[in-house]
Amino acid sequence: MISLLRIRLALVVAVLCLLSSCTLGAPALKLEDSVIEGKVIWSGEVHIDGIVTVKKTGHLTIEPGTRVLFEARDKDGDGIGDAELLVEGALIARGAEDAPIIFTSAAEQPKASDWKYLYLDFAREAELDYVISEYAYSGLQVHFCRARVTNSIFRYNVDGLRFSTVSLYAAGNRIYGNRHGLRYEERGSEARLHHNDIRDNEIGIFVVTRSDDKARIEQNNITNNSQYNVKLGWQQPGGVTLPNNWWGISDPVAIQKTFFDRQFDDNLGVVSAPQVLTKAVKLSDWQKHEGATP
Amino acid sequence: MSTIRILFNALLVVLIITGLTVSSAQACVGKTLVVGALDNPQQQVLAEMLSVLIGERTGTTVKVVSVAGHAEAHDAMIRAEMDMYVEYTGVGQVIILKEQPIADSDELYKAVKERYNQDLNLVWLKPFGFSDERYAPEGTVAVAAPVVRKDTLKKFPALARLINKLGGSIDDPTMKELETASAAGNSRDVARKFLKEKRFI
Numbered sequence: 001m002i003s004l005l006r007i008r009l010a011l012v013v014a015v016l017c018l019l020s021s022c023t024l025g026a027p028a029l030k031l032e033d034s035v036i037e038g039k040v041i042w043s044g045e046v047h048i049d050g051i052v053t054v055k056k057t058g059h060l061t062i063e064p065g066t067r068v069l070f071e072a073r074d075k076d077g078d079g080i081g082d083a084e085l086l087v088e089g090a091l092i093a094r095g096a097e098d099a100p101i102i103f104t105s106a107a108e109q110p111k112a113s114d115w116k117y118l119y120l121d122f123a124r125e126a127e128l129d130y131v132i133s134e135y136a137y138s139g140l141q142v143h144f145c146r147a148r149v150t151n152s153i154f155r156y157n158v159d160g161l162r163f164s165t166v167s168l169y170a171a172g173n174r175i176y177g178n179r180h181g182l183r184y185e186e187r188g189s190e191a192r193l194h195h196n197d198i199r200d201n202e203i204g205i206f207v208v209t210r211s212d213d214k215a216r217i218e219q220n221n222i223t224n225n226s227q228y229n230v231k232l233g234w235q236q237p238g239g240v241t242l243p244n245n246w247w248g249i250s251d252p253v254a255i256q257k258t259f260f261d262r263q264f265d266d267n268l269g270v271v272s273a274p275q276v277l278t279k280a281v282k283l284s285d286w287q288k289h290e291g292a293t294p
Numbered sequence: 001m002s003t004i005r006i007l008f009n010a011l012l013v014v015l016i017i018t019g020l021t022v023s024s025a026q027a028c029v030g031k032t033l034v035v036g037a038l039d040n041p042q043q044q045v046l047a048e049m050l051s052v053l054i055g056e057r058t059g060t061t062v063k064v065v066s067v068a069g070h071a072e073a074h075d076a077m078i079r080a081e082m083d084m085y086v087e088y089t090g091v092g093q094v095i096i097l098k099e100q101p102i103a104d105s106d107e108l109y110k111a112v113k114e115r116y117n118q119d120l121n122l123v124w125l126k127p128f129g130f131s132d133e134r135y136a137p138e139g140t141v142a143v144a145a146p147v148v149r150k151d152t153l154k155k156f157p158a159l160a161r162l163i164n165k166l167g168g169s170i171d172d173p174t175m176k177e178l179e180t181a182s183a184a185g186n187s188r189d190v191a192r193k194f195l196k197e198k199r200f201i
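If you're matching them up, the sequences are chains V and S in order. Each residue of the first sequence is one higher than the one before, starting from 1 at the first, in the numbering used here. Each residue of the second sequence is one higher than the one before, starting from 1 at the first, in the numbering used here.
Please keep in mind that the hints were generated in silico from the structure rather than gathered at the bench. Please note that the accuracy of each hint is not assured.
To be verified - Using 27 angstroms as the maximum straight-line C-alpha spacing, the simulated DSS-like pairs for lysine-lysine come out as follows:
1. Lys257(V) - Lys165(S)
2. Lys214(V) - Lys279(V)
3. Lys31(S) - Lys75(V)
4. Lys126(S) - Lys31(S)
5. Lys111(V) - Lys196(S)
6. Lys39(V) - Lys55(V)
7. Lys63(S) - Lys150(S)
8. Lys55(V) - Lys31(S)
9. Lys126(S) - Lys154(S)
10. Lys196(S) - Lys165(S)
11. Lys193(S) - Lys257(V)
12. Lys113(S) - Lys98(S)
13. Lys257(V) - Lys214(V)
14. Lys63(S) - Lys111(V)
15. Lys257(V) - Lys196(S)
16. Lys113(S) - Lys154(S)
17. Lys63(S) - Lys126(S)
18. Lys257(V) - Lys198(S)
19. Lys165(S) - Lys110(S)
20. Lys126(S) - Lys150(S)
21. Lys154(S) - Lys110(S)
22. Lys110(S) - Lys150(S)
23. Lys111(V) - Lys31(S)
24. Lys155(S) - Lys75(V)
25. Lys63(S) - Lys196(S)
26. Lys111(V) - Lys193(S)
27. Lys63(S) - Lys75(V)
28. Lys31(S) - Lys196(S)
29. Lys63(S) - Lys31(S)
30. Lys126(S) - Lys196(S)
31. Lys31(S) - Lys154(S)
32. Lys56(V) - Lys30(V)
33. Lys193(S) - Lys63(S)
34. Lys110(S) - Lys126(S)
What the hints assert, rightly or not - The calculated label-pair distances, taken between Cβ atoms and stated as ranges, are:
35. Val40(V) - Gln118(S): 50 to 60 angstroms
36. Ser167(V) - Ala183(S): 51 to 61 angstroms
37. Thr241(V) - Lys63(S): 28 to 38 angstroms
38. Ala184(S) - Pro64(V): 46 to 56 angstroms
39. Asp212(V) - Gln100(S): 51 to 61 angstroms
Values in this document were obtained by computation on a predicted structure and should not be read as measured data. Each residue gets a CB set at the ideal place from its N, CA and C atoms; glycine is no exception.
Please construct the entire structure, taking both the sequences and the accompanying hints into account.
This is how it looks when you write it as structure tokens:
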């Protein structure tokens, strides 16, 4: 009788152990300096302590709910963490509303610049949906490639979302709590950004240099950025036009005061905001406007 | 012949792609500029002023580091461990260059600027607009100005013009006010407030 009970108990314990191992999932993946070639899928928890490069031949898929944690290590002492994810191949990071993919610092008390960036450089393919990127130098940098970024959050970074020389489509994103919300050097970019919240950063949009007013930044909420809603960099003599946006206020003169441009320095261009919207855009409406000209 | 041409073209393409990759990568976080400051309120607030101005107008990351004295600061510049610091003309002439004192302020500035440029590859930019007797060796004056490595100015061609905006913007009474505020509080905040009030940032 006692031995039968023992057997039953052992069976129950075994089943519980099996169940718990299924629930807890696989142990965290730990990566130092490494390269990804061929198809790789990340899920669960991934720790990065170094530079992980998705090579041209690599195709990285990140599953919903994945947490990618970057070690806050600054070996060269430049004040910027060394860990980064560099994508030269393909990155498909499709999270879900209730299971976003998170790129964050592994530090107990995280801060901006704990890690370097998620960097798309000559990437073959790049799609980010329902991603959160925080505590980096740049939440996302996109250069020399085509990328689509939707429904994502970029917060608590030096630069939230940064690009140059790209074809970038960004809609439905929330960009807040950064030093620069959106930062770009146009350099021929075909960027289209609409239905984004760019708010509560120090600088909402920082147009650094070499911009020919071709980026289409329309139907966004650009509000409450503590220093300036828009700032032109030292070498941006050309004007920047940002039509059809909501600035939190409707008075054109008051809106103009939130820009750092020729009003401050004769060498700079003029920021203009024609056709001011009279109310905030609803971010969830972005798909209705995807193919339309705002 | 055609094989050599194909190999040459292939090598050219590789070099161009490599060059593009390297230049784009460098452009994206970029070199962190290092500004040196001696351990006193005047030096701290002026270094922070350079740091905030450059950082906020260009987006470049700038770090302020402490140095023990003028000779140490100069050595760090020569060793390329620092990109710039604030020096005084009298100190440059007598302590660093070990030349005879020059009493005339303009003549002294011209003399140190020329020697630093020719012999040390260091560039004196426009003086801030104040002088400080505490830093003047006997028989000279001490006009303060940013000194920048020539290599740094080559890498950041717009830097000289930007820093020169501060030229003549701080007279003696203003420097005293800034120094007092810097001694009592946070030098970076004091520098930022000054730059904001003057509409530099």
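A quick look at each hint next to the structure:
At roughly 22 angstroms between alpha-carbon atoms, Lys257(V) and Lys165(S) fall within 27 angstroms of each other, so this suggested pair holds. Taking the CA atoms of Lys214(V) and Lys279(V), the gap is near 25 angstroms; set against the 27 angstroms cutoff, the hint holds. For the hint pairing Lys31(S) with Lys75(V), the CA-to-CA distance comes to about 15 angstroms; that is within 27 angstroms, so the pair holds. This hinted pair checks out: Lys126(S) and Lys31(S) have alpha carbons roughly 24 angstroms apart, not beyond 27 angstroms.
Of the supplied pair hints, the one linking Lys111(V) and Lys196(S) holds, its CA atoms being roughly 26 angstroms apart against a limit of 27 angstroms. Restraint check for Lys39(V) and Lys55(V): satisfied, since their Cα atoms lie roughly 11 angstroms apart, inside the 27 angstroms limit. Note on Lys63(S) and Lys150(S): the hinted pairing holds, with a Cα-Cα distance of about 18 angstroms set against a maximum of 27 angstroms. For the given pair, Lys55(V) sits about 25 angstroms from Lys31(S) by alpha-carbon distance, which is consistent with the 27 angstroms threshold.
Annotation: proposed proximity of Lys126(S) to Lys154(S) holds, straight-line Cα distance about 18 angstroms (limit 27 angstroms). This hinted pair checks out: Lys196(S) and Lys165(S) have alpha carbons roughly 13 angstroms apart, not beyond 27 angstroms. Between Lys193(S) and Lys257(V) the CA atoms are separated by roughly 18 angstroms; this keeps the pair inside 27 angstroms, and the hint holds. A distance of roughly 14 angstroms separates the Cα atoms of Lys113(S) and Lys98(S); the hinted pair therefore holds under the 27 angstroms criterion.
Of the supplied pair hints, the one linking Lys257(V) and Lys214(V) holds, its CA atoms being roughly 23 angstroms apart against a limit of 27 angstroms. Between Lys63(S) and Lys111(V) the CA atoms are separated by roughly 17 angstroms; this keeps the pair inside 27 angstroms, and the hint holds. Restraint check for Lys257(V) and Lys196(S): the C-alpha separation of about 14 angstroms stays at or below 27 angstroms, so the hint holds. For the given pair, Lys113(S) sits about 17 angstroms from Lys154(S) by alpha-carbon distance, which is consistent with the 27 angstroms threshold.
A threshold of 27 angstroms between alpha carbons decides the hint, and for Lys63(S) with Lys126(S) the separation of about 22 angstroms falls inside it, so the pair holds. With a C-alpha separation of about 16 angstroms, the suggested pair Lys257(V) and Lys198(S) falls inside the 27 angstroms cut-off, and the hint holds. Using a Cα cut-off of 27 angstroms, the hinted pair Lys165(S) and Lys110(S) holds, with the two alpha carbons roughly 19 angstroms apart. Distance check on the hinted pair: Lys126(S) and Lys150(S) sit about 15 angstroms apart at the alpha-carbon level, within 27 angstroms; holds.
The straight-line distance between the Cα atoms of Lys154(S) and Lys110(S) is roughly 22 angstroms, inside the 27 angstroms bound, and the hint therefore holds. Using a Cα cut-off of 27 angstroms, the hinted pair Lys110(S) and Lys150(S) holds, with the two alpha carbons roughly 17 angstroms apart. Annotation: proposed proximity of Lys111(V) to Lys31(S) holds, straight-line Cα distance about 21 angstroms (limit 27 angstroms). About 23 angstroms separates the Cα atoms of Lys155(S) and Lys75(V), which keeps this hinted pair within 27 angstroms; it holds.
The straight-line distance between the Cα atoms of Lys63(S) and Lys196(S) is roughly 20 angstroms, inside the 27 angstroms bound, and the hint therefore holds. Only pairs whose Cα atoms come within 27 angstroms are accepted, and Lys111(V) paired with Lys193(S) is accepted, the gap being roughly 24 angstroms. Taken as a hint, the Lys63(S) and Lys75(V) pair is honoured in the structure, with Cα atoms around 15 angstroms apart against an allowance of 27 angstroms. Annotation: proposed proximity of Lys31(S) to Lys196(S) holds, straight-line Cα distance about 25 angstroms (limit 27 angstroms).
Note on Lys63(S) and Lys31(S): the hinted pairing holds, with a Cα-Cα distance of about 11 angstroms set against a maximum of 27 angstroms. With a C-alpha separation of about 20 angstroms, the suggested pair Lys126(S) and Lys196(S) falls inside the 27 angstroms cut-off, and the hint holds. With a C-alpha separation of about 13 angstroms, the suggested pair Lys31(S) and Lys154(S) falls inside the 27 angstroms cut-off, and the hint holds. At most 27 angstroms may separate the alpha-carbon atoms for a hinted pair to count; Lys56(V) and Lys30(V) meet this at roughly 22 angstroms.
The straight-line distance between the Cα atoms of Lys193(S) and Lys63(S) is roughly 19 angstroms, inside the 27 angstroms bound, and the hint therefore holds. Proximity of Lys110(S) to Lys126(S) is assessed by CA-CA distance (about 11 angstroms); at most 27 angstroms being required, the pair is judged to hold. Between Val40(V) and Gln118(S) the Cβ separation comes to about 57 angstroms, which falls inside the hinted range of 50 to 60 angstroms. A beta carbon spacing of about 52 angstroms between Ser167(V) and Ala183(S) agrees with the range 51 to 61 angstroms that was offered as a hint.
Roughly 35 angstroms separates the CB atoms of Thr241(V) and Lys63(S), a value that falls within the hinted 28 to 38 angstroms. Restraint check, Ala184(S) to Pro64(V): a C-beta distance of roughly 52 angstroms satisfies the suggested window 46 to 56 angstroms. At about 54 angstroms, the CB distance of Asp212(V) to Gln100(S) agrees with the hint of 51 to 61 angstroms.
In the structure shown, no violation is registered for any of the earlier numbered hints.
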